[in-house]
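Chains Z and E supply the protein sequences, listed in that same order. Take any residue in the first sequence, count from 1 to its spot, add 25: that is its number in our numbering. Take any residue in the second sequence, count from 1 to its spot, add 14: that is its number in our numbering.
Hint data in this document are derived by calculation from the structure and do not stem from the laboratory. Incorrect hints may have been included.
In silico BS3-like links for lysine-lysine, alpha-carbon gap of 30 Å or less [as the list claims (entries may be wrong)]: (1) Z:K47 x Z:K276; (2) E:K176 x Z:K165; (3) Z:K96 x E:K176; (4) E:K21 x Z:K200; (5) Z:K165 x E:K21; (6) E:K176 x Z:K152; (7) Z:K142 x E:K21; (8) E:K21 x Z:K47.
Chain Z is nowhere near these chain E residues, computed Cβ spacing over 10 Å in every case [to be verified]: (9) L36; (10) V40; (11) L107; (12) S108; (13) I111.
Derived list of chain Z stretches under chain E, where covered just means 3 residues or more per stretch with a C-beta under 8 Å from a C-beta of chain E [as the list claims (entries may be wrong)]: (14) 52–66; (15) 131–139.
For every residue, glycine included, the Cβ atom is placed at its ideal position computed from N, Cα and C.
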Amino acid sequence: MAPIVSVSHLVKTYGSGFQALKGVSLDIEEGEILALLGPNGAGKTTLISIICGIVNPSSGTVLVNGHDVVKDFRATRAIIGLVPQELTTDQFETVWNTVSFSRGLHGKKANPAHIEKVLRDLSLWDKKDNMLRELSGGMKRRVLIAKALSHEPRILFLDEPTAGVDVNLRKDMWKVVQTLREGGVTIILTTHYIEEAEEIADRVGVINGGEILLIEEKSALMKTLGRKQLRIELAEPVTVLPQGLEPYHLKLEDDGGRLIYDYDASGGRTGITTLLAAIAEAGLRIKDISTRQSTLEDIFVELVEKRA
Amino acid sequence: MNFEAVKAIYLFEMARTRRTLLQSVVSPVISTSLYFIVFGAAVGSRIQEIDGVSYGAFITPGLIMLTLLTQCIGNGSFGIYFPKFTGTIYEILSSPISMTEIVLGYVGAAATKGMLVGLIILATAALFVDLSIAHPFVMLVFFVLTAVTFSLFGFLIGIWAKDFEQLNLIPMLVIPPLVFLGGSFYSVSMLPPFWQAVSHANPVLYLISGFRWSFFEISEVSPLVSFGIIIAFLAVLMGLLVWIFRTGYRLRN
């Protein structure tokens, strides 16, 4: 199946000379949830802005549902909903009007029943006649989501949706995301929070300095994450590994005070029991034991630092 | 054509007018009434008829033009500048809507509002002076063309402006002198030859002259010349607009 969003060799250089994207290529499949991770200034928002039509690309192409986002913008923008990072709202409008306005902008006839459903799903129904300036930051964020859903998009972009958002809203938001996903909506979210990506994404992309560093199925990443380390602190440091421990490929750290054992936690046999027996047999005294699992964050930090 | 979007923008802008009724409608009516009292009654009582028209009636077309120009430029520029300022422009730019439709929505609303206020001023003027309109159709053509042209001018200012100072620069500093020196309150033929020549370099003179002709059949220049000048200005603005569409100037860069 053709990807719903296909980005190829996308470059964006701003007037100031700053190159925000340096040849990004990326395919997004229909119905998936893709999390884009990256530090501030990585190019996440520029990438989204180009796909949504807010910013013109310097070169490269973006196809949405087979249509070019510049030449055929009506076809592409009609099926995209965007929740921006900034809380930008028309302060003097009511919730109901601003959400209905968004639907009209996308060329759809008024549909009060749909607007009502969106507002109820986001716990905004009792605020529908309030002016936006009367709402809290979290409520405004909900309104922005409602606006993006007002025209029943097939693709939803959430740019840093949980920045400065409380637990309730996060829960509501993921509930909405889950429902949308079940309805076949493709969701792309950018985030700083790696747990968020781990929790809900199907695929994870890492972007930094205007380049995609990695894009992988979360399950494949989780396999890498399945690797664990057993860290054994010794009572007395050793300079060389005693005989009998070779099969375990141990590493010595901390001037011989720590043994590191890598193993696969998802496998049935971890080899920990026999290793501990072998250590006891070799006459080493153990002071402490801990295990450590590499997280998406480790991979992320490693990738970002490697390129820096 | 995305009619729903044009309608959405148009109604959104008109709703803003309703919210600011006092500032939008009442204030121009009060200031125009003051002009009539000061110029029409106080000054006018000492000025004889100009070209057979009483002074109070003579200044009416100019006053309507003054209101129309300031209102249209103000509405047109604010309508597009405000979303840029608050950031809500993201939504307009990411909607399946062409620049032509954006212009139709914003400029249409700005022109509508300007014309509403203009008509209210006309009605207010009728309370103070005896008015007759010799060529109602021509008057309407000048009225609508001016409203559309200057709303578009305002729209372009709104796109160009980077802050509120720039936004207000032209409506506050450029338009009033042009209107005042464009023969709103006097016939340019009353001036010395040198200042007459200078006045003819003022585009607003042509607007007022043509508009006044539709009321009283008196004018500084032929109404056809006036018509030509508005069309030429409109064409220049359209050209600028096309350039903005193509380059994404200050919108998509």
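Hints and how they fare:
{"no.": "1", "hint": "Z:K47 x Z:K276", "in the structure": "violated, 39 Å"}
{"no.": "2", "hint": "E:K176 x Z:K165", "in the structure": "holds, 26 Å"}
{"no.": "3", "hint": "Z:K96 x E:K176", "in the structure": "holds, 28 Å"}
{"no.": "4", "hint": "E:K21 x Z:K200", "in the structure": "violated, 33 Å"}
{"no.": "5", "hint": "Z:K165 x E:K21", "in the structure": "holds, 25 Å"}
{"no.": "6", "hint": "E:K176 x Z:K152", "in the structure": "violated, 34 Å"}
{"no.": "7", "hint": "Z:K142 x E:K21", "in the structure": "holds, 23 Å"}
{"no.": "8", "hint": "E:K21 x Z:K47", "in the structure": "violated, 39 Å"}
{"no.": "9", "hint": "L36", "in the structure": "holds, 14 Å"}
{"no.": "10", "hint": "V40", "in the structure": "holds, 19 Å"}
{"no.": "11", "hint": "L107", "in the structure": "violated, 4 Å"}
{"no.": "12", "hint": "S108", "in the structure": "violated, 4 Å"}
{"no.": "13", "hint": "I111", "in the structure": "violated, 6 Å"}
{"no.": "14", "hint": "52–66", "in the structure": "violated (count 0)"}
{"no.": "15", "hint": "131–139", "in the structure": "holds (count 4)"}
Violation of the numbered hints given earlier is confined to hints 1, 4, 6, 8, 11, 12, 13, 14; the remaining hints are satisfied by the structure.
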